[in-house]
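Fit chain D to the given chain G structure using the hints.
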Amino acid sequence: MALIVSVLEQGLCYAIMALGMYITYKILDFPDMTVDGGFPFGICLAVVMIRAGVQPILTLPICFTAGCLIGVCTGIIHVVFKVRDLLAGIIMMTGLYSVNLRIAGRANLPMYDYYTIFDNRLMNGIFGSIPVLAKFQSVIILVVITAVVKLILDWYLKTRSGLMLQAVGDNDVLVTSMGVDRGKVRITGLAIANGLVALSGAIYAQQQRYFDVSMGTGTAVIGLASVIIGTALLKKLSFFKVTTSVVIGAIVYKACVAIAIKCGLQSTDLKLITAVLFLVILIITRDRKRKVEA
Amino acid sequence: MLELKSIYKNYNPGSVNEMCLFDDFNLTVPDGQFVAVVGSNGSGKTSMLNIICGSIQADRGEVLVNGVNISNERDYQRHRTIGRVYQDPSKGTCPSMNILENMSIADNKGKRYGLQSGVNHKRKDYYRELLKGLGLGLEDKLYTKVGSLSGGQRQAVALLMSTMTPLEFLILDEHTAALDPKTADIIMELTEKIVREKKVTTIMVTHNLRYATEYGDRLLMMHEGSVILDKAGEEKKNMNPEQIMHLFNEISVECGN
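Just so you know, the protein sequences line up as chains G and D, in that order. Position in the first sequence counted from 1, then plus 500, gives you our numbering. Position in the second sequence counted from 1, then plus 30, gives you our numbering.
No wet-lab data here; the hints were simulated from the structure. These figures come from a predicted structure and were not determined experimentally. Check each hint, because a few of them may be wrong.
Unchecked claim - As a list, the in silico EDC-like pairs of lysine to aspartate or glutamate whose alpha-carbon atoms are at most 20 Å apart:
#1 D:K175 - G:D654
#2 D:K121 - G:D681
#3 D:K175 - G:D672
Just chain D, with the same shape it has in the complex:
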């Protein structure tokens, strides 16, 4: 279970540009839940993910994982049990290495990165199997440099890499935003498959309202640092993109846009 308790976050404190994003922000995500998060730019979606992952520090408040406060852990320590896929496909892979080396690095996550051989050739068939599951024909390209793959292929590899080892949370930060609609659909299908297979607690930020309603067990809408819509279960199933769009517009009117 993931809990954010009384999170406070100010950007540019002490300057004229001071902006209070989170003012007593709270969120609880039970184990195994797949949460989709929508919201306008600057609503705090990515900041929330960054606070969970330790990429930025909250000014006050606690991040609890299964009741243990991890607020003082460094980002890389938290990532040991967190898989994260970024919007930018190049962030999840090493472009100058081939697929095999990339997968090997991911496969070794959690083990010591010592002087053992970096690539375990006995695992090659397993990697091929995983790549085959993507349905992108990458299983024959183990020795292709990842830098020469397309954005969609890279994102698929990145998704695979971030979920290869046992993990507590999967954090998806607009991971389909940089892809064309068809590739985005493939990646989304794949995400659903992996999340269901691994039963991993997942938080997905997206700007695609259709994905937000179609996928996931719970839907959050954020606005100016707070959750303004929180639907789960049956209630969520009855939501459709138009309703959310309508809500979006209402907020914008309130803001005077």
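Bound-form chain G, shown alone:
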């Protein structure tokens, strides 16, 4: 039971990041490595703000906005300076490592004694009065936040701006034909994606209650794996919206990692598990694609 709760907590924390990567990887066809710096950026920003006395709930919109700015930077490097997508992300990721250290002031920053969105008077009051739910306090709060973010994203993708975003990944010639600057659409997409990533970091920070500078390593891989699992699942379960299946993908991925660790691997092997699992997923899904085409 504790394992399931932990998997759900971790999975849902990463789910919003995966939604961001869905925008870049699946819609824009842009493997965005910025995430490895953007996710810990959200974490350290949230930790520093909460330690400074900012309302935990306020850190979410602030981190989202700050993340958007990071996405704009990646976008400008890619669109204006014509740096290749992967390299643009790596440049940002590398730079952000130092930025994060600057913001945090040191490599490790705890905040165990502060209220968070999961642990505060209001939430403790609500869940304290219903003992059955107390164990699931974090999970329930996470479900609500993830659902809200997912619904907003669903709504956005149906707006004119959202349709343009999907069009630019699909066929950017058409976007130009519609009299729209495809570079701007790409930058907008990267901004929203990285906003979601930093928001996800801010939530993760409050669940983990500390910042460590190495927390970002492998985030992009986790996100991509979640997106790929999610979209592969979608082929089987087509009644789900793609955003829903990406959220499920993130949870499934975390469950796989948890199972691997349960099977005797050490938590120090985490990144290796992350990498190998991603490779396995890539191989399996590509295999499936080939069968369909044949």
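Relative to the frame of chain G, chain D by itself:
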């Protein structure tokens, strides 16, 4: 009115492969004219369209629309009043979206792509009406992904999409070349209908000599970056594909082929 004035264009300047395509190229297209352009590969037809649309920049010279120089406008800015259909049917539509979403995107051209609802359901009947005019049965397939349509159906949708909003020019870049003869005929008929209805200034590049003589008010033949034949009105009506073919052969002989 569209004017190309003293256009110069070199490809691969400064290298051994340097090739001068346009050397003082001039063209004037009055409002409402339907121009058919023929010419061998490499004669500069598509380059001309690209220079008009801003997809490539001329080295020198001006592109004037109603007397205003648009040479410094970016491609997407020029496309606000230009509709363009490409040879490749997949370039004019979004394959992963359904017909309704594609038509909605085209319908919103020129407006702000903001946070309003992308699909205006009140316009659905209007879209159905337009699709019905194609005669391809697409009016019942609003929710079908465009990627699963045939090339001809896609090209028909693309043609519709590029002419949905008011436009100054329609640019057709061999838009029937990738289609089978029958579908090509349907698309060509449709083109004629739309051009006449909208009275839009049109430049159509084609390799089909029959289309070039049958359709349009003016016929241009291009060769090595210049116009070698320019017939309009009665003169054009008297042209037939054989005459053009003959001219084609003459040029090839001159080139030593």
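Against the structure, the hints:
no. : hint            : verdict
1   : D:K175 - G:D654 : 19 Å, holds
2   : D:K121 - G:D681 : 16 Å, holds
3   : D:K175 - G:D672 : 17 Å, holds
Hint violations for this structure: none, all hints satisfied.
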